[in-house]
Amino acid sequence: MTEHPTEYAYFLGCITPNRYPGIEAATKKIFKEFGIETKEMVGASCCPAPGVFGSFDMHTWLPVAARNLAIAEEMDLEIYVTCNGCYGSLQEADHLLKGNPKLKEQTNKILGEFGREFKGTTKVNHSIVVLHDFIGLDKLKERITKPMNDVNVAVHYGCHFLKPREVRGHGSSETPYILEDLVKVTGAKDVDYKDKLMCCGAGGGNRTADSVQSLEWMRQKLVSAMEVGCDCMVHPCAFCHLQLDRGQAEMEKAFGVFFNFPILFATQFLGLAMGLSEKEVGLDAQTTKMPEKLLK
Amino acid sequence: MGTLYEDIIDYGGEVFGKEHLETLRECVQCGKCTGGCPSGRNTAFRTRKLMQMALVDMREEIFNAPELWFCSTCYTCYERCPKGVKVTDIIRTIRNLAAKEGHMSVPHRMIGVYVLKTGHAVPIGPAQMELREAVGLESQPPTAQHPQNKEQLEQVQTIFKTTGYDAMIDFDWDTMNLKGMDKGGKK
Numbered sequence: 255m256t257e258h259p260t261e262y263a264y265f266l267g268c269i270t271p272n273r274y275p276g277i278e279a280a281t282k283k284i285f286k287e288f289g290i291e292t293k294e295m296v297g298a299s300c301c302p303a304p305g306v307f308g309s310f311d312m313h314t315w316l317p318v319a320a321r322n323l324a325i326a327e328e329m330d331l332e333i334y335v336t337c338n339g340c341y342g343s344l345q346e347a348d349h350l351l352k353g354n355p356k357l358k359e360q361t362n363k364i365l366g367e368f369g370r371e372f373k374g375t376t377k378v379n380h381s382i383v384v385l386h387d388f389i390g391l392d393k394l395k396e397r398i399t400k401p402m403n404d405v406n407v408a409v410h411y412g413c414h415f416l417k418p419r420e421v422r423g424h425g426s427s428e429t430p431y432i433l434e435d436l437v438k439v440t441g442a443k444d445v446d447y448k449d450k451l452m453c454c455g456a457g458g459g460n461r462t463a464d465s466v467q468s469l470e471w472m473r474q475k476l477v478s479a480m481e482v483g484c485d486c487m488v489h490p491c492a493f494c495h496l497q498l499d500r501g502q503a504e505m506e507k508a509f510g511v512f513f514n515f516p517i518l519f520a521t522q523f524l525g526l527a528m529g530l531s532e533k534e535v536g537l538d539a540q541t542t543k544m545p546e547k548l549l550k
Numbered sequence: 019m020g021t022l023y024e025d026i027i028d029y030g031g032e033v034f035g036k037e038h039l040e041t042l043r044e045c046v047q048c049g050k051c052t053g054g055c056p057s058g059r060n061t062a063f064r065t066r067k068l069m070q071m072a073l074v075d076m077r078e079e080i081f082n083a084p085e086l087w088f089c090s091t092c093y094t095c096y097e098r099c100p101k102g103v104k105v106t107d108i109i110r111t112i113r114n115l116a117a118k119e120g121h122m123s124v125p126h127r128m129i130g131v132y133v134l135k136t137g138h139a140v141p142i143g144p145a146q147m148e149l150r151e152a153v154g155l156e157s158q159p160p161t162a163q164h165p166q167n168k169e170q171l172e173q174v175q176t177i178f179k180t181t182g183y184d185a186m187i188d189f190d191w192d193t194m195n196l197k198g199m200d201k202g203g204k205k
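As given, the protein sequences belong to chains Z and B, one line each in that order. Everything in the first sequence is counted per this note's numbering, starting at 255 for the first residue and increasing by one. Everything in the second sequence is counted per this note's numbering, starting at 19 for the first residue and increasing by one.
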């Protein structure tokens with residue numbers, strides 16, 4: 255078996271620490287339970303958002319991402335993230351820079367202005383991969399104290415966790431399994447639904463360009479999960495969380511209907527199943543409220 | 019300035035490699051991209067049409083259409099294209115070229131303002147600091163926005179100055195906002 259690190263640099267990004275700190279708290283607590291140490295990345299910035307800054311100016315997007323990678327390299331640690339946007343940007347930047355010496359040289363010329371350098375010595379991991387592949391389902395199962403036996407879950411991947419598959423390396427983006435496994439380990443049922451692989455609607459500056467239109471995609475996705483009897487949605491992305499949770503309040507304003515369909519980041523869901531309280535993982539402080547069957 | 023196709027290859031090629039973007043020429047207009055597009059089912063954005071418009075050099079029509087910004091970069095088309103066209107990266111490159119020519123909305127330019135001011139597209143405020151304390155975290159994370167990390171924020175600002183991003187969005191370093199926001203912020 256491959257040895258995985260027991261200490262990581264946590265790249266926080268923007269939305270996890272600044273809007274949904276419950277995701278940060280849940281992830282740190284669970285990792286600590288399994289002997290994984292988290293180190294803070296002092297001075298880390300926005301990743302910057304792949305579909306936004308990557309859409310506006312990739313020559314700015316790349317050095318900002320490279321600077322964040324350099325911070326982890328200086329700590330001599332691999333990175334973990336709790337947002338698909340951060341995963342998208344940092345992993346893609348790392349991939350491009352490792353594969354193109356000229357691009358690396360140009361980027362390091364900019365970073366050199368303040369004494370930093372991208373060397374290519376870190377690795378960008380998603381927190382749910384650390385859970386699934388490094389900690390492993392067997393160990394996770396041992397710690398489930400409050401099984402989610404009668405809970406029907408709609409899994410939502412978000413886009414940049416799986417795609418493009420040539421960079422992400424998690425196999426087919428049409429038949430994923432990581433989140434499904436993490437949901438099933440709690441005893442919950444993973445329920446297939448029509449728009450399971452659909453985007454939340456927020457990425458690529460779409461939410462900023464036209465929020466009502468972006469909320470309409472989300473509305474369709476949520477309806478298709480509710481139609482087949484799902485109790486909640488579990489996902490691995492802080493940016494999707496913003497859209498899916500806060501977006502439901504915005505949807506009420508735009509369309510006059512409030513679904514109150516519970517949205518949970520994967521570590522918040524696992525946290526509840528491991529006996530953490532709703533408050534400890536920040537689920538009491540968000541727009542969508544948790545039903546009793548998730549908390550008992 | 020060459021044709022739009024040439025600009026896509028030259029500009030995007032510097033980051034992704036030219037071969038990556040030259041896949042545009044392989045497009046056979048089958049429409050699988052549009053068929054799986056979550057934006058296409060809700061908006062007038064048509065991926066297949068955009069690929070053809072790029073190939074026949076309809077630069078101004080593409081740059082002036084709001085639909086260019088309705089792609090969420092979900093990569094469904096990119097994954098499914100039977101000809102291996104790197105659709106999403108081609109769209110991101112076209113958007114870069116449009117932005118360089120001044121086609122960038124005020125809300126999109128404001129995202130740059132937040133990063134220039136705080137290091138973060140979504141900065142923290144007092145209410146969110148309370149949320150952090152409620153789950154047992156430090157009130158402010160040690161990121162570029164933390165008052166103790168001013169030098170770190172300056173590094174991010176240096177990158178934006180070096181690449182000319184500040185000028186691209188008409189950023190005013192005196193007001194730390196977009197120039198002419200009092201006149202609606204239009205270029």
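Everything labelled a hint here was simulated from the structure, so no lab data went into it. Predicted model, so just to flag it, every value in this text is computed and none were measured. Glycine residues also receive a C-beta, built at the ideal position from the N, C-alpha and C atoms. Don't take every hint at face value.
[Claimed, not checked] With beta-carbon atoms standing in for the labels, derived distance ranges: (1) B:165 x Z:546: 21 to 27 Å; (2) Z:426 x B:101: 38 to 44 Å; (3) B:46 x Z:509: 34 to 40 Å; (4) Z:259 x B:143: 52 to 58 Å; (5) Z:404 x B:31: 50 to 56 Å; (6) Z:399 x B:194: 47 to 53 Å; (7) B:194 x Z:377: 31 to 37 Å; (8) Z:529 x B:37: 48 to 54 Å; (9) Z:478 x B:194: 27 to 33 Å; (10) Z:508 x B:46: 35 to 41 Å; (11) Z:507 x B:53: 43 to 49 Å; (12) Z:261 x B:143: 28 to 34 Å.
[Claimed, not checked] Here are a few chain Z residues that face chain B, going by a calculated C-beta distance under 10 Å: (13) 309; (14) 401; (15) 417; (16) 431; (17) 452; (18) 470.
[Claimed, not checked] Think about it this way: if two alpha-carbon atoms lie no more than 25 Å apart in a straight line, the pair counts; the simulated BS3-like pairs of lysine-lysine are: (19) Z:373 x B:50; (20) Z:400 x Z:533; (21) Z:363 x B:168; (22) Z:363 x B:179; (23) Z:356 x B:197; (24) B:50 x Z:450; (25) B:168 x Z:293; (26) Z:356 x Z:377; (27) B:197 x Z:448; (28) Z:363 x B:118; (29) Z:550 x Z:393; (30) B:36 x Z:356; (31) B:118 x B:101; (32) Z:438 x Z:363; (33) B:36 x Z:358.
What are the numbers of the hints the structure violates, in ascending order? Going through the list in order, the structure violates hints 1, 2, 4, 9, 11, 14, 16, 19, 23, 27, 31, 32 and respects the others.
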